[in-house]
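Visitor: These are the residues of each chain, in order.
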Amino acid sequence: MKKNRVLDKIRKYRSKYVDIFVDYTFDLSNRIQFLLDQNSMDQKDLAKALGKNESEISKWLSGSHNFTLKTVARIEDVLGDKLLEVVKDEVTIKDEKVSVYFINPEHIYSPSQYKSSRQTGHLKKYSPNYRNTVIADC
Amino acid sequence: MNKQEEGLGIKIQEIKEISFSNKVNEELVENFDDEKVEIKLGYAVRGDFEKNTIIIGIIVHFNSLVKEKPKEFLKLETTTTFNISNFKDDDIRFIDGNKEIFINDELMYVFLNTAIGATRGMLAYKIASLPINICLPLFNMDDLIPKEKANKKSNKKAKK
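Here the protein sequences line up with chains A and B, keeping their order. The number in our numbering is simply the position in the first sequence, starting from 1, with 1 added. The number in our numbering is simply the position in the second sequence, starting from 1, with 38 added.
Do not take every clue at face value.
In silico DSS-like links for lysine-lysine, alpha-carbon gap of 27 angstroms or less [what the hints assert, rightly or not]:
1. Lys126(A) - Lys185(B)
2. Lys17(A) - Lys107(B)
3. Lys98(A) - Lys126(B)
4. Lys116(A) - Lys185(B)
5. Lys17(A) - Lys89(B)
6. Lys53(A) - Lys71(A)
7. Lys61(B) - Lys126(A)
8. Lys89(B) - Lys164(B)
9. Lys98(A) - Lys113(B)
10. Lys49(B) - Lys126(B)
11. Lys17(A) - Lys61(B)
12. Lys109(B) - Lys13(A)
13. Lys49(B) - Lys89(B)
14. Lys98(A) - Lys78(B)
15. Lys105(B) - Lys98(A)
16. Lys71(A) - Lys83(A)
17. Lys98(A) - Lys89(B)
18. Lys109(B) - Lys126(A)
19. Lys98(A) - Lys185(B)
20. Lys98(A) - Lys109(B)
21. Lys116(A) - Lys83(A)
22. Lys126(B) - Lys61(B)
23. Lys116(A) - Lys137(B)
24. Lys17(A) - Lys109(B)
25. Lys10(A) - Lys137(B)
26. Lys83(A) - Lys45(A)
Just so you know, the hints here were simulated from the structure itself, not pulled from any lab data. This structure is a prediction, so every number in the text was calculated from the model and none was measured.
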């Protein structure tokens with residue numbers, strides 16, 4: 002198939018939100034059509050209930066119509082079911098910083114088996130910058 | 039009591055959360071696979087010879103490998119401060135003020151184990167409400183503590 006350079010360029014630089022918008026509008030029109038079928042209604046009935054022309058409803062359901070929230074709410078009211086759902090249950094997590102309190106702050110640990118470097122070998126130098134990244138499986 | 043006065047003594051002075059980043063979202067939860075998680079751990083050592091303290095900074099990154107490019111979804115940074123009493127030059131050595139710190143391997147095992155354990159506990163608390171099941175695993179200290187080769191070099195400097 003012959004490729005159109007201009008179209009390819011447009012596709013490449015098209016903002017992602019345009020794709021999201023198109024997905025939304027097509028999903029919405031599919032959902033409206035589904036609810037119309039469930040309620041044994043057609044576009045004519047919906048147009049009548051909303052006080053719109055049938056041609057306008059037809060345009061909405063063809064996809065790419067920019068619905069307002071008010072229109073969505075009115076359609077939901079007529080069809081008696083949800084068209085859109087806002088995410089409510091965000092994954093929650095403790096945001097506060099952890100503070101640690103010590104029951105016995107004066108307790109001193111003395112390693113009983115500890116041998117100083119005189120017996121064990123050399124001291125090693127450590128860096129104040131993060132290093133020694135270790136990769137482990139969960 | 040005498041033992042404490044004579045020998046080396048270690049005390050935890052403070053455990054602090056420095057930063058925490060959570061990017062767990064619904065998409066990650068849905069596609070979560072605990073076998074496709076990469077954990078990176080880094081540590082830093084600072085100290086203050088006047089206050090007799092050693093501070094171990096731990097940073098842990100959790101990356102999801104579900105997609106082609108690893109995606110970080112959790113990061114936690116902590117510091118654990120130790121107060122050391124009765125230490126000698128054979129245990130811990132500060133060179134040029136606090137610029138260079140040399141620590142005996144056995145002591146470093148204690149410091150690192152404790153600091154990683156503190157980070158593990160803190161992480162468990164922070165992510166208790168998350169729907170994914172992860173924890174900070176056990177690490178082999180030999181992978182974290184530099185090998186003998188680096189050792190000789192550092193000791194040369196220490197002698198200076």
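Visitor: Taking the hints in turn, state whether each one holds.
Guide: Cross-check of the supplied hints:
Between Lys126(A) and Lys185(B) the CA atoms are separated by roughly 11 angstroms; this keeps the pair inside 27 angstroms, and the hint holds. For the given pair, Lys17(A) sits about 19 angstroms from Lys107(B) by alpha-carbon distance, which is consistent with the 27 angstroms threshold. As the CA atoms of Lys98(A) and Lys126(B) are separated by approximately 35 angstroms, the hinted pair breaks the 27 angstroms bound. The straight-line distance between the Cα atoms of Lys116(A) and Lys185(B) is roughly 19 angstroms, inside the 27 angstroms bound, and the hint therefore holds.
Distance check on the hinted pair: Lys17(A) and Lys89(B) sit about 55 angstroms apart at the alpha-carbon level, beyond 27 angstroms; violated. As the CA atoms of Lys53(A) and Lys71(A) are separated by approximately 14 angstroms, the hinted pair is consistent with the 27 angstroms bound. Note on Lys61(B) and Lys126(A): the hinted pairing is violated, with a Cα-Cα distance of about 35 angstroms set against a maximum of 27 angstroms. For the hint linking Lys89(B) to Lys164(B), the alpha-carbon distance of about 31 angstroms lies beyond 27 angstroms, and the restraint is violated.
This hinted pair checks out: Lys98(A) and Lys113(B) have alpha carbons roughly 14 angstroms apart, not beyond 27 angstroms. Distance hint between Lys49(B) and Lys126(B) is fulfilled; the C-alpha atoms sit about 16 angstroms from each other, no more than 27 angstroms. Between Lys17(A) and Lys61(B), the direct Cα distance comes to roughly 21 angstroms. Compliance with the 27 angstroms bound is thereby established for this hinted pair. Distance hint between Lys109(B) and Lys13(A) is fulfilled; the C-alpha atoms sit about 24 angstroms from each other, no more than 27 angstroms.
For the given pair, Lys49(B) sits about 13 angstroms from Lys89(B) by alpha-carbon distance, which is consistent with the 27 angstroms threshold. The straight-line distance between the Cα atoms of Lys98(A) and Lys78(B) is roughly 22 angstroms, inside the 27 angstroms bound, and the hint therefore holds. Between Lys105(B) and Lys98(A) the CA atoms are separated by roughly 31 angstroms; this puts the pair beyond 27 angstroms, and the hint is violated. Of the pairs offered as hints, the one joining Lys71(A) and Lys83(A) holds, with about 13 angstroms between alpha carbons and a cut-off of 27 angstroms not exceeded.
Straight-line distance between C-alpha atoms of Lys98(A) and Lys89(B) comes to about 25 angstroms, which keeps the hinted pair within the 27 angstroms bound. Distance check on the hinted pair: Lys109(B) and Lys126(A) sit about 33 angstroms apart at the alpha-carbon level, beyond 27 angstroms; violated. For the suggested pair Lys98(A) and Lys185(B), the alpha carbons sit about 35 angstroms apart, so the restraint of at most 27 angstroms is broken. Simply put, Lys98(A) and Lys109(B) have alpha-carbon atoms about 24 angstroms apart, close enough for the 27 angstroms limit, and the pair holds.
Distance check on the hinted pair: Lys116(A) and Lys83(A) sit about 71 angstroms apart at the alpha-carbon level, beyond 27 angstroms; violated. Pair hint Lys126(B) plus Lys61(B) does not hold up; C-alpha atoms about 45 angstroms apart against a cutoff of 27 angstroms. Under the criterion of a C-alpha separation no larger than 27 angstroms, the hint pairing Lys116(A) with Lys137(B) is consistent with the structure, at around 25 angstroms. Between Lys17(A) and Lys109(B), the direct Cα distance comes to roughly 20 angstroms. Compliance with the 27 angstroms bound is thereby established for this hinted pair.
For the proposed pair Lys10(A) and Lys137(B), the alpha carbon gap of about 55 angstroms is over 27 angstroms, so the pair is violated. A distance of roughly 20 angstroms separates the Cα atoms of Lys83(A) and Lys45(A); the hinted pair therefore holds under the 27 angstroms criterion.
Violated hints, in rising order: 3, 5, 7, 8, 15, 18, 19, 21, 22 and 25; the structure is consistent with all others.
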